[in-house]
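Each protein sequence line maps, in turn, to chains A and B.
Each residue of the first sequence is one higher than the one before, starting from 1 at the first, in the working numbering.
Each residue of the second sequence is one higher than the one before, starting from 1 at the first, in the working numbering.
None of these hints come from the bench; they were simulated from the model.
Quick reminder that beta carbons are idealized off the backbone N, C-alpha and C, glycines included.
Be aware that one or more of the hints could be misleading.
If you want a taste of the chain B side facing chain A, the calculated C-beta under 7 Å gives, among others [unchecked claim]:
id, residue
1, Leu32
2, Thr68
3, Ser71
4, Tyr72
5, Tyr75
6, Gln76
7, Ser92
8, Pro94
9, Val98
10, Ile101
11, Ile102
Output of the computed footprint for chain B on chain A, the stretches with three or more beta carbons under 8 Å from beta carbons of chain B [said to hold, decoys possible]:
id, stretch
12, 25-34
13, 46-55
14, 68-76
15, 150-164
Chain B residues, not near chain A, derived (Cβ > 12 Å throughout) [as the list claims (entries may be wrong)]:
id, residue
16, Ser25
17, Gln52
18, Leu111
19, Pro112
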Amino acid sequence: MHLTDEERSWLVGAAGSATRRAMEIVVALGKIYGAERLIPVASVQISGVSYRNIGDAGLEFLRRWAGEGARVRVPTTLNPTALDLSGWRAQGFAPDFAAKQQAVVDVFARMGVGGGHPLPTCTPYLVGVLPQPGEHIAWAESSAVVYANSVLGARTNREGGPGAIAAAIAGRTGAYGLHLDAGRLATLRVEVRATPRTVADYSALGALVGQVAGRRVPYFVGLPLERDTPLWQEKLKTLGAALAATGAVALYHVAGVTPEARATEMLAAEHEQLVIDDLAAGYAMFNDDVETVDLVWIGCPHASLDEIARVAEQVRGKHLLLPLWITCARPVKEAAIAQGLAGDIEAAGGRVFADACMAIAPARELGFRAVATVSAKGAFYLRNLAGVATRFGTLEQCIEAAVAGRWGG
Amino acid sequence: MSAKPLTFIGRVIKAGIAEGEALVSPEPIGFLGGVDGETGIVTERGHPLEGQCVAGKVLVFPTGKGSTVGSYVLYQLAAQGLAPAAILNAESEPIVAVGAIISDIPMVDQLPIEQLRTGDRVQVNGARVSIESTEKTN
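Isolated chain B, as found in the complex (with noise of 0.2 Å):
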């Protein structure tokens, strides 16, 4: 195993440093009815992250979707200690942005997130985005 730190400069959402591990999903996710705000575990059927729990994680999506009260379901993660730890996407758009912001969890778009893969080691601060990669190299 060898490291291949990259690091990127997207767009901050919601300002803040961050370190984890990323949990990456190649579809958008809805927070509402997507995820569950009692577990942090995703609940949707047939998501690629289906039954994974976003606590703690570095949570790579390429943007949101679903029912606007979704900003809440983050807040209701964030008060039990269960948000993800950070949120990249490639274009975010308002429900998770301002889930986001009102849970204090650091957010950061405009990002290649085809270059993340889960169990990468990845910290955030302000708009910088500093992968540690973990895959072998070939």
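If we strip away everything but chain A, and leave its shape as in the complex, we get (with noise of 0.2 Å):
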């Protein structure tokens, strides 16, 4: 691999030993992936934030290496926490555990994660994080990164966790994969004869695709799907997010929509097809046969300030009788509150909590079994981590179950 003088420099310990590790990660991860270069990268996005994933093995590295001196050299944001770090106790999180989350939280901030004050969030690009088309970075969220590279246009692998702080402290990554044109290139076309209108409707169908998909890179044809009209970034972020679940997909190109599709063919002239008629599977493939939920989770990934708007509108005046959460950043969070959002909900029984992801929470030891959800990834997760079964549906879907007090009416 080529390095430059001052990358080989720091690879010896020149710039201390927190960047030597930093670099090290760079280097072996970009010779395991075959790159002949690192790349500087305008942004990184941090995930194993959860202190029920890393553990105190993981709290013990990350504050070893701030120890060291580890701080960021570019702009970085955290993926979100178990918990919301001030409202954990409305959610019934003990207070150790509580404890040990923020502790996660304090060494990033540590490290100059946010300017020093991180604002956990799977969609930074909510909160003005905004990558441009054809910029260089190094975001780890899965979610996050298939929007980072197909919406926006930015260029990023799938980063792993201490991988993606390496790059922050390195302010580089290797140069392979979705950073080079060649692996732009969809290899899987896929028609769509469906006819998706829901957000919910977008999550089924990346469900259906993401566990064809594999790797690969598709290229939607035939999505009803305007640039510019109501929830049409909502759409793509939890499509993207669903192919990123059952899949592995980092990018997807929607023609005339997504901006790399719209400037150019982005289809391998060698690709596959998948026709996609009906998405009822893709529905199935989330609903186990309960009738009893135990909770509502609407925002996988983190909701828009106009999901948080519909969820209102449906709530107003009416009285919840299960639990109906709202995780989103919390500049988003306080938007809603000052937009009279967050007020509405709460009046009907609801909470919208900052910071927090059901996905990576412990939510057995919360007393949850059943979760209602409008996401696929969330429903995925929350069985496959959590160990939780799983209702997904339409937000009408969902909010009916929630005033209703069980599933299905």
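Using the hints, build the complex out of the two chains.
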């Protein structure tokens, strides 16, 4: 691999032991993936933040790295935590767990993440971190990676947890995969003959295509989606999240909609075909045979202000029998409070939580055995990581369940 | 018993010097859920190394597998002095590579690992891996 003089000097410790370790990781990953050089990145997004996932060993390592002087060289954001850093008591978390989770965030703050004040979210692009088309970045959260690549036209591979931290400290990553033109061509043409309408429909579509696509880049044709129509970005956000959950998709194109597909032909000459006639199978993937639901969860990926407004519209004046939790970035929650949306939701019995993600929270320990959601990605991880049963449907179905106290009324 | 010294040049993932007895797995190893971070004992049911301890061994396996949190299991082992002395892979992947780097475990890949046997004395120095086989030569 070709390294600049500066990179070589960092690799032998010229910028301190923390940077040396970061460079060792970046270079080793570059070698493994066949990079010929490193590439400077404009921003980094870090995953592996939930204390439940990284545990004491992860926390100890992060503390040691910070203690060695690890500081981010480029603007860096943080993935969601297991809980709302100020509202965790209302979620039912134990103080010990909350203290450990806060300790993880504190280490990242010390490293300079979020300018020293991290705002944990899987949707940095909804709170002002908006990569430019063609810009090289190193993001880790799979749904953010696929959004940045596909909807914004930026360039990032799906970085691992420590790999993304290393990229932030080194300010660079290996030039391979989706950083290169060749990696961005679609090799799976997906013809959509069904008619997705709701945000949940796009999630079901993503779940179906993801399990077929694997690591490939899908190219969608036939989607009834136009730029700048209501919720068009939310539909693409949930489509990508599901593609990256049931598959390992990090980039997709939508004919006439996503930036690279508007600029040029992004379908490789040699490609396979997939036809989607019906979305029912996508819903069926995440509907366990349960009527009793303990929680309705909206906000995977983190909800936008528009999505919160839709929830507020539907619950206004109603009395919810089930807990309804909306998760979002802290600035989005603040906007929802300022616009009165959070107040409407709370008046009905729902809650808006910042920072948090139920997919990485210990849902069973919080007393939830079955959760209803509008997100196939959310359902996928609730099942596989949290071990709870799921219901997956439209926002209307989820709100109906919250009102009726059970799924399917 | 006669010595059969062999030297291979691999690719450095984490530079370092180490020496120890080889513990060879023909199957990939996943550290999260596959190796007990408190004891260093392989716990994956049906794994060729099930019940064996990786501490102080030159751990030889084709490649890593499993959850990315496995990097931190290696760190947990190292913090307790239970890490492998070195890791040798045929083809490394990010989880074990990152784990070795953050835990200061010398690691080399692109090696013909099928030529190593459990019990071999192995020396690692940068990219150079030397084996003094304890196998009987026929």
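Please list, smallest to largest, the hint numbers that this structure does not respect. Hints 1, 14 contradicted; others consistent.
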